[in-house]
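Let's have the full structure, built from the sequences with the hints guiding it.
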Amino acid sequence: MSLRLYNSLTRRVEPFTPLDPRCPTMYVCGPTVYNYVHIGNARGPVVFGVLADVLRRRFGGLRYARNITDVDDKINAAALELGVPIEVITARYAAAYREDMAALGVAPPDLEPTATGHIVQIIAMIERLIASGHAYAAEGHVLFSVASFPEYGKLSRRDPEEMLAGARVEVAPYKRDPGDFVLWKPSTPELPGWDSPWGRGRPGWHIECSAMAATHLGETIDIHAGGVDLQFPHHENEIAQSECAHGGKPFARWWLHNGMLTFGGAKMAKSVGNIRRVHDLVREHPPEALRYALLSAHYRQPLDWSDALIEQSVRTLDRLYGTLRDLADVAASPVIPQSVEDALDDDLNTPLALAELARIAADARKTADPAERARLKGELLGAGLALGLLQQDPAQWFARGATDTDEARIQALIEERAAAKQARDFARADAIRDRLAAEGIVLEDTPQGVRWKRA
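Under this note's numbering, think of the first position of the sequence shown as 2, with each following residue one higher.
Since the hints were derived computationally from the structure, they do not count as laboratory data.
Where a beta carbon is used, it is the ideal one built from N, C-alpha and C, also for glycine.
Hints should not be assumed to be uniformly reliable.
[Unchecked claim] Mimicking BS3-like on lysine-lysine, the simulated pairs with C-alpha atoms at most 25 Å apart in a straight line are:
| hint | residue 1 | residue 2 |
| --- | --- | --- |
| 1 | 186 | 75 |
| 2 | 250 | 75 |
| 3 | 75 | 155 |
| 4 | 268 | 75 |
| 5 | 422 | 454 |
| 6 | 176 | 75 |
| 7 | 176 | 155 |
| 8 | 186 | 176 |
| 9 | 454 | 367 |
[Unchecked claim] Derived Cβ-Cβ restraints for the label pairs, each shown as a range:
| hint | residue 1 | residue 2 | range |
| --- | --- | --- | --- |
| 10 | 175 | 12 | 33 to 43 Å |
| 11 | 24 | 179 | 35 to 45 Å |
| 12 | 108 | 360 | 20 to 30 Å |
The following block contains the structure:
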């Protein structure tokens, strides 16, 4: 099966063929770094990171860019409140974002462009849009003329009135049309700004991604991805300004959008106040379980986030790592099973890939044949590798959160319990088990000896 992806632009699943058969290009909208991101913001980096690995395996190469928005009104507000330059805010939260994504097993993109690092390219793109009649300057602002692009709305397929209402745009007196959107805006002295032909100012949000994508991936890219909440107005505006700046060339050939996370049935959002920050979650739960949970639903579908979902993911990983622990004496190298590759080729069907992972583990637990055990262990490791799972040593997984001192103390108690049982002092043995259980340590008596794990 060849790779097939759902294209939001055409509303259908299509065989994916890149412009360069040796090196596809992919741009994913990254964070605005004014605070810690919530777990909903992590879904895109996780699922599209899996896609990045698939693309590299299928085509041999990939140019993958995920941007950092480091100039924005929310960043400006945070900097003014603390009385510091915006760089202090953006450096702190960009570093926190990278740390949180790494904890979730998200590999860095090939390119991580920043908006402030592309002011020259942004200004040049705006100048092209003005010269071609698609943008106009007014009162220190530069605005894109939506009426100049007849295909505006082709991604979201909304009528102009619906788009205007959905965008909640400011109906300013300097606009020719209420739907026209800002490419450049003036900065007052206390705000960050750059010199431009239209005065000291800063870019609008949408033009930043267009300029960064064109600079690093070319005027037409293979895949543009992001959350479905960005489809309008952000991605719609990117299409309009990019295609008008580049003489009508298509901006992105495939548009991929991940569904939103909900919490208690409501959309997870900072404005709603129902968010769970990645920075906190990776300290409260095994990060690999959070990753498993994010992959447990198809990327295009909503996913309801809950403590129960995390707990179920932990239990599932306990079983999978338990299988690998039982296979510790088996030598095997990771081999990604074809069934897992087929699931990922089917529009990145991670739930089906996870089901294959569970099936392989179940088969491995049933067989006693040495050759089969080796084959299945290799497939289990390979399936995990394709999904960014099962790459720890099982002992490390089960000892999660324990320091070397903790492990030594727990092991000493286990040995003391074994000695008590040998001496038929069952009251002492039970007391040790109860003490460990009170600390969240579960003991398992197996033919290979006593094992322990965190509850």
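Right, here's what the structure says about each hint:
1. 186 <-> 75: It holds: about 15 Å lies between the C-alpha atoms, which stays within 25 Å.
2. 250 <-> 75: This hinted pair is violated, its Cα atoms lying about 33 Å apart.
3. 75 <-> 155: 29 Å, violated
4. 268 <-> 75: 20 Å, holds
5. 422 <-> 454: Answer holds: residue 422 to residue 454 is near 20 Å, not above 25 Å.
6. 176 <-> 75: Holds, at roughly 23 Å.
7. 176 <-> 155: Holds - the C-alpha atoms of residue 155 and residue 176 are around 23 Å apart, at most 25 Å.
8. 186 <-> 176: Within the cut-off at roughly 13 Å; holds.
9. 454 <-> 367: Within the cut-off at roughly 23 Å; holds.
10. 175 <-> 12: 33 to 43 Å: 36 Å, holds
11. 24 <-> 179: 35 to 45 Å: 42 Å, holds
12. 108 <-> 360: 20 to 30 Å: 26 Å, holds
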